[in-house]
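Chain order of the listed sequences is H and F.
Per my numbering, the very first residue in the first sequence carries number 1; after that it's consecutive.
Per my numbering, the very first residue in the second sequence carries number 1001; after that it's consecutive.
Since the hints were made in silico from the structure, they are not lab data.
Watch out, some of these pointers could steer you wrong.
Said to hold, decoys possible - Here are a few chain H residues that face chain F, going by a calculated C-beta distance under 10 Å:
1. Cys14
2. Pro18
3. Cys21
4. Ser35
5. Trp175
All residues carry an ideal CB built from backbone N, CA and C; glycine is no exception.
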Amino acid sequence: MIYDEDIAQQIRMCAACPKMCRHVCPTFLAWRSESPTPHGRALLLHQEITGTRPLDDRAIEVLYQCLECSHCLTWCIPEIDIAEIVEMRRIQLVEEGRFPSGLNPMVDSIRTHHNPYKEPNEKRTSWLKIPKNDGRSLVYFTGCTAAYRENSIAQDAVSVLSSLGYQVNIPEDEWCCGSPLLRTGFVEEALEQARHNVEILNSMDAEEIVVTCPGCYRVLTQDYPKHGLEINKPVRHIAELLQSHLKSLPEFELDGQVTFHDSCHLGRHSGIYEQPREVIERVSKGALVEMERNRDNAMCCGNGAGLRTLFPEHAKKIGAERVRQAERTGAKYLVTSCPFCKNMLESQAKDRLIVLDLPELVEMAKKQSHVKTD
Amino acid sequence: MLDSKTKARIAKQLEGIVGAEHVTTQETDTVLNAHDAWPLSEAKIRAGEMLPLADIVVFPGSTEEVSEVLKIANKNRVPVTPVGGGAGTCGGTLPIYGGMQLDLKRMDKVLEIDHKSMLVRVEAGMVGIDLEEEVNRHGYTLGHTPTSMRASNVGGFLATRSGGSMSSLYGKIEDLTLGLEIVLADGSIVRTKAVPRHSVGPDLRELFIGSEGTLGVITDATLRLFPIPEERRFRSMAFADVHSGLEAIRLIFRADITPSVVRFYDPEDTAWSISRHFDVEEGDSMLLLAFDGDAETVDYEERISVDICRQNGGKDFGDGPSKRWWEHRYDMYYPSKFTTAGFSIGDTIDIVATYDKLENVYRAMKTAMEAHDAFVMSHFSHMYQNGGSIYMIFFTSQPDAKTAWATYKKIWDDGVTACLREGGTMSHQHGVGLSRSTYIEDELGSGFQVLKKIKGVLDPNGIMNPGKLGLGVRE
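The whole structure should be built from the sequences, with the hints applied where relevant.
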């Protein structure tokens, strides 16, 4: 693997750091070992660069014990993005055919079914009820998790968008955005999905595209253009769209406080922190209470970059810790704006917290406020 | 190093105690687990050198498991290097004779907070910042804030006899610790009672604080807590010379004032750390002070301290430099392009002396260290009624690894020699580890024989962290 001089210098500095960010690394928390840590990943790469020691199978496994959550970057004064560096090496490992075999089912599923859940693609959105509306036309790119695992997010998103006057259009043949593939190094496979999506999306007649999944958002707005794939309309995350309609959003009295979990892809990777908070503050009439670790210091839910696929028990430990952090606020509701995060957090919260995605909260407010009006 | 058959046999036995997922013999894991914060280790990593590796890393989850692990190690005469956060700056956790690294990171829980007695009982593997944040939630502070706080563990605080940046007021780790649990080399578990003090013979607790894993493994500790102070106020004063600033510090303590922070930067360190942000006259030395407590106490302490500083020629810089230091106190610990370029290496010789010797020690060490092509800057911190510590910080950059490591050694050798000659003690809070192990006999004199005898009784097979603290050094 050949790195440019600047990246090699960053790796060298990180490899010999006295662990200034390790305390926030979720995989350090999950394994309680020096191996899956930012400086650990850097040390393996540095030794490979200097010829001291090549990557063995265990080293490759360690490079896949990373959520690419970039929390370490928040704490790094030299601003070394080890997540990006790890992803660069993963791309090479895939090209070399040296990736963990545990990723094969996910890759095969996306290749065959265009989603990581081995679900038939024709059933992706066939169940969604789309109201007719004369308003502005937008495309809702559902993403795989809302389509197959967190249906109420997709349905509530459609309902909320319709209430705001939008005519919601769903792509007839949406494929996986490619995020799980890109984050684990399978660029070519991801681009196959991407090219199809760009073609479909560009052919649709609408003013903009809205997504509920931050993984999709990052890929559509950052990765596609990086690979020369341009979408011909603006892409917004639903948090941004809802925030732009703040005064039209319903309000209601909740029976407890709400805390918000920033997803890594929406927050640290896309810089969207305030919009979902403003939406929550509006609909809940100021019931938002922050976790100690929030915004660019928010802990990952544990569900990213292939970790749950390869190491499900460790991923759950991370999710459980994030739930504990939410519980510490005394909130009754844990809201996120990511179907993937919601899925993990809800699985760990059991009945201790009510976990909702942002459109679900707004839909709840809508129904409650209607009840009161009636 | 263990032969492969022995390694496999012992690993199997360890798996029976802690579970297979908590034992590793993978080389990658041993490479990553060797990583510590000794500047020489860091420089060697950058240069592409390998650090000494353990044969096995074991992660026990309880004191009982530590005990069983040590029984196996003792029976098989396997070297054991305990490791907590791997944040030591003296090489104390490097497994220089191979064997087993006993990693305490899984033992990371707060066991009890006793609000009435203001105590916390905590497992040794808890990271310092995690513990501080947890007690903060209950309205307390540990009062122990080493710069390594984000990486170092409670066990490491104790094993190295560490001190935090507010140690003048709150105390060092030995002042903050009431009770300990230790597992000896033969697996026996020793608990010292958590009481404010006692007169039941020598204090065994003190024997293990600073023992660096050479006498046993510390598995939990009962530490003091303090209410979070109502106020922390900062003040900064510049002095035309080191002597007058040191006098001011001495007189502040003599007036029975105990600031939480006392840091006095010599002209070189002032130029490096302060003058880039504040307009300080060239050649001046900056004193940073902080006062913790209720408003009335803080008012009084600040007023008396400022008066003393002024009487000794101090120029008032308000709260700026001191507050900025507090807000950026971890920044200097990060690697930078400048400090990691080529074969650069820097380190800190943190020493301690009484006031009558302090300035002589400083000047003698500075001269000795600068003789080896080193940039030396210093600050006096961790000050007390009777003396204090000096951070003798050096930095050198050499054309190749061999010259860099040799120069590093010469600076250490001559710096410590000068310190001892002038009546100082060679380590205030970083411990001994490997970087100071060759000087320990000169430091302790006949006391070292006592330490060796104690080691011989508690660890007759010499398995506990051999080579550290000058004990159990093998040919």
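Going through the hints against the structure:
The interface hint given for Cys14 (chain H) holds, since its Cβ lies 8 Å from the closest Cβ of chain F, which is under the 10 Å cut-off. Interface hint status for Pro18 (chain H): upheld, as the beta-carbon distance to the closest one in chain F is roughly 4 Å, under 10 Å. For the restraint placing Cys21 (chain H) at the interface with chain F, the shortest Cβ-Cβ distance is roughly 8 Å, inside the 10 Å limit, so the hint holds. For Ser35 (chain H), the shortest C-beta to C-beta distance to chain F is roughly 5 Å, which falls under 10 Å, so the interface hint holds.
The beta carbon of Trp175 (chain H) comes no nearer than 36 Å to any beta carbon in chain F, farther than 10 Å, and the hint placing it at the interface is violated.
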